[in-house]
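**Student:** Below, each chain spelled out in residue letters.
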Amino acid sequence: MIDVFSQLPILLVAIPLFAAPICVLLGGRWLTYLLSLTVCGTTFAIAVGLLQQVGKFGTIHYEIGNWKPPYGIEYVVDPLSGFVMMFVSALAAVVLLYGKPSIDAEIPRSKHYLFYACYLLCMTGLLGMCITGDLFNVFVFLEINSLASYALISLGRTRRAPLAALQYLILGTIGATFFLIGIGLLYQMTGTLNMSDIAGRLDTETGPRTLLVAFGFMTVGLFVKMAVFPLHSWLPNSYCYAPSVVTAFVAATATKVSVYAFIRLVFGIFKPDFAFEQMPLGALLIGLSIVGIFVASIAAIFQDDVKRLLAYSSVAQIGYMLLGIGMATTQTLTAGIVHMFNHALIKGGLFMVVGCFVLRLGSSRLSDWRGAAKTMPWTSLAWAIGGLGLIGVPMTAGFVSKWLLLTGAFQAEQPLVAGVMLMSSLLAVVYVWRVVETLYFSEQLSPAVEKSKEAPVWMLVPMYLVILAVVVFGVWTPFSVGLAAEAAESLLPTDWDSAVTNMDAGGAP
Amino acid sequence: MIEWTGANAIWISMTLPLLAIVWVFLFGKIPNVRESGSIAVSLVLFGVNISLSKLVFDGGRPELALGEMVPGFELKFTVEPLGMLFALVASGLWVLTTLYAIGYMRGHHEKNQTRFFACFAAAIFAAMAAAYAGNLFTLFVAYEIMTVSTYPLVTHHGDAKAKAGGRVYLGILISTSIAFFMFAIAWTWQLAGTTDFRDGGILRPAFEDGLIGPGALAVLLGLFAYGIGKAALMPIHRWLPAAMVAPTPVSALLHAVAVVKVGVFSVLKVAIYVFGIDLLNETGCSEWLCYVAGVSILVGSLVAMTKDNLKARLAYSTVSQLAYITLGAALATPASAIGGGMHIAMHAVGKITLFFCAGAIYVGAHKSNISDMRGLGRAMPFTFGAFLLAAISIIGLPPGGGSWSKWFLAVGTVERGMYFLTATLMISSLLNIAYLVPIPVRAFMTPAGQEPMTLKEAPLMCVVPLCITAVGSVLLFFFAHEIYGVMEPIVGGTKTP
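Those protein sequence lines, which keep their order, are chains X and A.
Take 1 as the starting number for the first sequence in my numbering and just add one per residue.
Take 1 as the starting number for the second sequence in my numbering and just add one per residue.
Since the hints were made in silico from the structure, they are not lab data.
Heads up, the beta-carbon is just placed ideally off N, CA and C, and yes, glycines get one too.
Among these hints, one or two may not hold up.
[Stated by the list, open to error] Derived lysine to aspartate or glutamate pairs resembling EDC-like cross-links, with alpha carbons at most 16 Å apart:
{"hint": "1", "chain 1": "A", "residue 1": "K111", "chain 2": "A", "residue 2": "D159"}
{"hint": "2", "chain 1": "X", "residue 1": "K271", "chain 2": "X", "residue 2": "E454"}
{"hint": "3", "chain 1": "A", "residue 1": "K161", "chain 2": "X", "residue 2": "E454"}
{"hint": "4", "chain 1": "X", "residue 1": "K374", "chain 2": "X", "residue 2": "D497"}
{"hint": "5", "chain 1": "A", "residue 1": "K54", "chain 2": "A", "residue 2": "E482"}
{"hint": "6", "chain 1": "A", "residue 1": "K367", "chain 2": "A", "residue 2": "D308"}
{"hint": "7", "chain 1": "A", "residue 1": "K29", "chain 2": "A", "residue 2": "E110"}
{"hint": "8", "chain 1": "X", "residue 1": "K56", "chain 2": "X", "residue 2": "E437"}
{"hint": "9", "chain 1": "A", "residue 1": "K161", "chain 2": "X", "residue 2": "E437"}
{"hint": "10", "chain 1": "X", "residue 1": "K271", "chain 2": "X", "residue 2": "E205"}
{"hint": "11", "chain 1": "A", "residue 1": "K163", "chain 2": "X", "residue 2": "E443"}
{"hint": "12", "chain 1": "A", "residue 1": "K163", "chain 2": "X", "residue 2": "E437"}
{"hint": "13", "chain 1": "X", "residue 1": "K374", "chain 2": "A", "residue 2": "E457"}
{"hint": "14", "chain 1": "A", "residue 1": "K367", "chain 2": "A", "residue 2": "E457"}
{"hint": "15", "chain 1": "X", "residue 1": "K374", "chain 2": "X", "residue 2": "E486"}
[Unchecked claim] Computed footprint of chain A on chain X; a stretch qualifies when at least three of its residues, placed anywhere within it, have a C-beta under 8 Å from a C-beta of chain A:
{"hint": "16", "region": "291 to 302"}
{"hint": "17", "region": "380 to 393"}
{"hint": "18", "region": "428 to 441"}
Isolated chain X, as found in the complex (with noise of 0.2 Å):
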């Protein structure tokens, strides 16, 4: 008899890899709707039910097969990869519960049962690059994400989607193949591909410089998944032209899982004592973002497409979470950790407010939405909640991590990085009230408005439960920023931060 209980980590996994072809098998398109989303539902409790095993009984480290690590595979539960499962899985479960007439109106029928293939193995690889231990093991599922999501990406409306696809597929192709290369360099040092393994045989101190090649091939690589600002020029397409669903999905999960990547490539293989001492990571972490996040955020105000405007900010949110981890303190990592969560929210919530206003209005330029507050009250009210949750007003969970960031910045002793931040997210109040102003004060409607009326309620009910949660973990943030400061914790040598500062205030003891 085997007790469900301990094959937790695998069926995580198992149980969407395999509905996957399912779907395809099964074919039509309730059919696949409903095990799809009794998947995502059956995924997202897995994940709570780990993330509480966390909780109770520590890190999990489960072995495939009963193969011994380093040997065979591992998969590991810690609290920054139980966290992060555990909103993914959530976001793909809201998302697809809200997803359904959306999905009727932006896909055509006949490739149904392909797309929900595609979202549930989309989500499969994102949840597998979270709890596997095995270096390789990442890359696999790094790829099967980011073919999933190609071919996600490519089912949108418009023959320009198929382009963005391929844009995507070849520089995310060369970002996983940099990727690829780091992994075969760090193989070859240590003869082994198992994280902690990896990590215990590097010598970061005296070790040849192909290790600085590795962690050079490994970063490039990450940067261009998470979309850092200049590796971001294939998002804005990406996210403009896929269905709504899959953008409301992707951007609230793909770029924070890549980011959680990094975060264990920096500090659970290559340590901090590596990155930060050796390598000059935490200015060049720390110059990319505030540069990145001023550009993104000045580009984001020019645009008249919404999808575009958000997939800008996201670029520049993505710097907000580097920030954090530039800074290297306990608390600035915490701050990075928590506004993943707080962005996959914030971000998740607003997509899915387009793909409401796409869905009624049959656009996502802004000049097509202008007096839609008349017709479309709640979903414009959504939208207001969720700006207020980007620009980080307090009460909302983008508050929390600015909050978290500014402060660590001065215990970090970087006033300056905590000025030009609360500048730059000045220019987030500009693109998103912009929004509002077009949606709550237009003269005249735009003839699409005037034939409109509210979202189905089906889709507002689920798209109100992320938009509540913003406001909800504004509020109460114990479990989100307990549990990443738990991680941040675990994450960083003990006596870490006294160690940062004294650095900077000039090595002095």
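Since the structure of chain X is provided, determine the placement of chain A on it from the hints.
**Tutor:** Leaving out everything else, chain A in the frame of chain X:
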């Protein structure tokens, strides 16, 4: 049964406006039920605040901690006399404004009244939370809630003008608060290790340890003074005239009382409980702010003189009067701090009357330009009579309440030896006379060749509240001693004479 303690009174006082919001939405379709809920809640709130104030003015400092919102940062409320006075003024005037708003909004056939009353209550909630805030973090949260909840009120009419006004309003208030205020709080936290408001300030240890010099202290003070954009210190005052596109009850309670007073109140609190009056005096880091405030006082009055639109004139007058309170904080003597605190109450009662009058004139005679109001006093004697009384208080002449607060501020300038500023205060009072008094005086004089108008006041719901506040501004003159007495503890223990 809930026991009547200070802590309970605090959360009850903050929950009541929230209840009003729920009520307003529940009964949005039945205006009479909806409004009676607002009135009932505002009355109860005022009652609760009065009973809480007994506790506070007797020397108590009730506290309520709601727990950490972000690790290390607690939502915490501590009621001290300054906040209590502000809460009393805001909640007391909310009662009258609700009555007035009913008359105004119905007399004017405004749309979206449900949203209006709900946002109004939300703003009062934020005002209560700000008044009781026990640390800078809580104050900031309340401050931002207030900005967001008043935005729909400013843009109430929904036309292009409202949109433009709202843009300036939100743009200035949000950007200054995020760029400067938030930064200043984080900086203070790093220096002091806390953001609590404490008697005597929290920055002294950092100063004595050499973590921050006088120059940097001046910069920090500047970040606060300009980060708290609601204090409308020039040159970031533009949002206040822009906010005048809102319906008059909003201009009256929010942009003469609640919102702007949260601004100056926060500046005072920062000066007294974060920097500490002694520290400001010793380091001289607030001296520059005295002059900036002085300029703001004069220029505000001068600009007010050029405005023909009554609400615009009152708005610039508010800019000028708010700078008095900032000056009180910047002078950093016990007398000036108390004067600044008193002026919160004095100006609130006076200015709300003036705005009530502006609204009544608009509802009753559909006039908003001063040049069109000649002879109108015959038709609206109560309105213009009240205007005159309130104007006297704003100017600072007996028997108006404002005379006392201005007196203490003048004493502060003399104590600091800044006679230049003493003169500024006097000149500004003269300017006040020049731009306020002619309005009612000319209204009572019928222009030549025109028949005297017959009595035609605004609806009763509009006129009664403004008469009450006008009488209140005179009564305050006689009760100023009481206010001084309850405010004294805020500067207790300071060494500065």
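**Student:** The structure should be examined with respect to each hint, and the outcome stated for every one.
**Tutor:** Evaluation of the provided hints:
Restraint check: the Cα-Cα separation between A/K111 and A/D159 comes to about 12 Å, which is no more than 16 Å; the hinted pair holds. The straight-line distance between the Cα atoms of X/K271 and X/E454 is roughly 51 Å, outside the 16 Å bound, and the hint therefore fails. At roughly 28 Å between alpha-carbon atoms, A/K161 and X/E454 are farther apart than 16 Å, so this suggested pair is violated. Our distance criterion of 16 Å between C-alpha atoms is broken by X/K374 and X/D497, whose separation comes to about 52 Å.
A threshold of 16 Å between alpha carbons decides the hint, and for A/K54 with A/E482 the separation of about 12 Å falls inside it, so the pair holds. A hinted pair counts as satisfied when its Cα atoms are at most 16 Å apart, and A/K367 with A/D308 qualifies at roughly 11 Å. Proposed proximity of A/K29 and A/E110 is supported: the alpha carbons are some 15 Å apart, at most 16 Å. About 48 Å separates the Cα atoms of X/K56 and X/E437, which puts this hinted pair outside 16 Å; it is violated.
Between A/K161 and X/E437, the direct Cα distance comes to roughly 12 Å. Compliance with the 16 Å bound is thereby established for this hinted pair. About 11 Å separates the Cα atoms of X/K271 and X/E205, which keeps this hinted pair within 16 Å; it holds. Only pairs whose Cα atoms come within 16 Å are accepted, and A/K163 paired with X/E443 is accepted, the gap being roughly 10 Å. With a C-alpha separation of about 7 Å, the suggested pair A/K163 and X/E437 falls inside the 16 Å cut-off, and the hint holds.
The suggested pairing of X/K374 with A/E457 is violated, with an alpha-carbon distance near 36 Å, which exceeds 16 Å. The hinted pair formed by A/K367 and A/E457 meets the criterion: a straight-line CA distance of about 13 Å does not exceed 16 Å. At most 16 Å may separate the alpha-carbon atoms for a hinted pair to count; X/K374 and X/E486 exceed this at roughly 45 Å. For the region 291 to 302 of chain X, the assignment as covered by chain A is violated, since 0 residues bring a beta-carbon within under 8 Å of that chain's beta-carbons and 3 are needed.
Check on the region 380 to 393 of chain X: 4 of its residues sit with their Cβ under 8 Å from a Cβ of chain A, so the three-residue criterion for coverage holds. Proximity of the region 428 to 441 of chain X to chain A, defined as three or more residues with a beta carbon under 8 Å from a beta carbon of that chain, is established by the 5 residues found.
The structure is inconsistent with the numbered hints 2, 3, 4, 8, 13, 15, 16, although it conforms to all the rest.
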